[in-house]
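Q: Now for the letters of each chain:
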Amino acid sequence: GNSVTQMEGPVTLSEEAFLTINCTYTATGYPSLFWYVQYPGEGLQLLLKATKADDKGSNKGFEATYRKETTSFHLEKGSVQVSDSAVYFCEVISSGSARQLTFGSGTQLTVLP
Amino acid sequence: ETGVTQTPRHLVMGMTNKKSLKCEQHLGHNAMYWYKQSAKKPLELMFVYNFKEQTENNSVPSRFSPECPNSSHLFLHLHTLQPEDSALYLCASSQGTENQPQHFGDGTRLSIL
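In order, the protein sequence lines correspond to chains A and B. Using the numbering used here, the first residue of the first sequence is number 1, and each one after it goes up by one. Using the numbering used here, the first residue of the second sequence is number 114, and each one after it goes up by one.
Hints are computed from structural coordinates only; laboratory data are not their basis. There may be inaccurate statements among the hints.
Simulated DEER-style distance windows between Cβ atoms [said to hold, decoys possible]:
1) S83/A / P121/B: 34 to 40 Å
2) E180/B / S79/A: 43 to 49 Å
3) H190/B / R67/A: 40 to 46 Å
4) P113/A / R222/B: 25 to 31 Å
5) E42/A / E157/B: 25 to 31 Å
6) E8/A / S175/B: 32 to 38 Å
7) E166/B / G1/A: 19 to 25 Å
Heads up, the beta-carbon is just placed ideally off N, CA and C, and yes, glycines get one too.
Please model the complete structure; the sequences and the hints are all you need to start from.
A: Written out as structure tokens, the structure reads:
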């Protein structure tokens, strides 16, 4: 079955620092890849997605590129803000007869002023 | 406002009680999901419904019983739960199940005494 390995947290950064949260996966076929964010007391919200190799998803200053050769989908942001403090989840969905939805374990990010 | 509403937000129950969690989506989606989110563990997909038909049951104990009367409503009936069932239960919906992102509710925080 699929698997998702996500960078373990917690991650603590100062405001305006560069952020990378690593996500690598194993999956059959041509999966779609997603990043979600979860703020305290809330459910997960879609942050960005990519559905084929070399696609770049972007939203709110966050970016991630679908790298099929390295089976990775690392989340990056050039300058984090205190309001970015949350838990980030990577998800892989493989389609077809072997359809599976698999989340990573989540990475807690804390941004200090 | 995510378009997916879960009630109640918090629930405390004894091991012999019977209760139900409710989820309603206003997005016109045709797939709905139940997830279990426990501290320090990855999100666990419990059930998937597509056009009211259950398409996945990931080895969930029978003390959890889902019901999907229509594409907008999803219930999780609970009876004789165990302390390890205490968790945040998240409902999600999507437009189909092929490579589509999920929209999550804010969850029901369940505590078993």
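Q: Could you run down the list of hints and mark each one as holding or not?
A: Now for the hints, and whether the structure bears them out:
1. S83/A / P121/B: 34 to 40 Å: 28 Å, violated
2. E180/B / S79/A: 43 to 49 Å: 47 Å, holds
3. H190/B / R67/A: 40 to 46 Å: Cβ of H190/B to Cβ of R67/A: about 43 Å, so the range 40 to 46 Å holds.
4. P113/A / R222/B: 25 to 31 Å: 29 Å, holds
5. E42/A / E157/B: 25 to 31 Å: 19 Å, violated
6. E8/A / S175/B: 32 to 38 Å: 34 Å Cβ-Cβ, so the 32 to 38 Å window holds.
7. E166/B / G1/A: 19 to 25 Å: For E166/B and G1/A the Cβ distance comes to about 22 Å; the hint holds.
Hint check: violations occur at hints 1 and 5; the rest are consistent with the structure.
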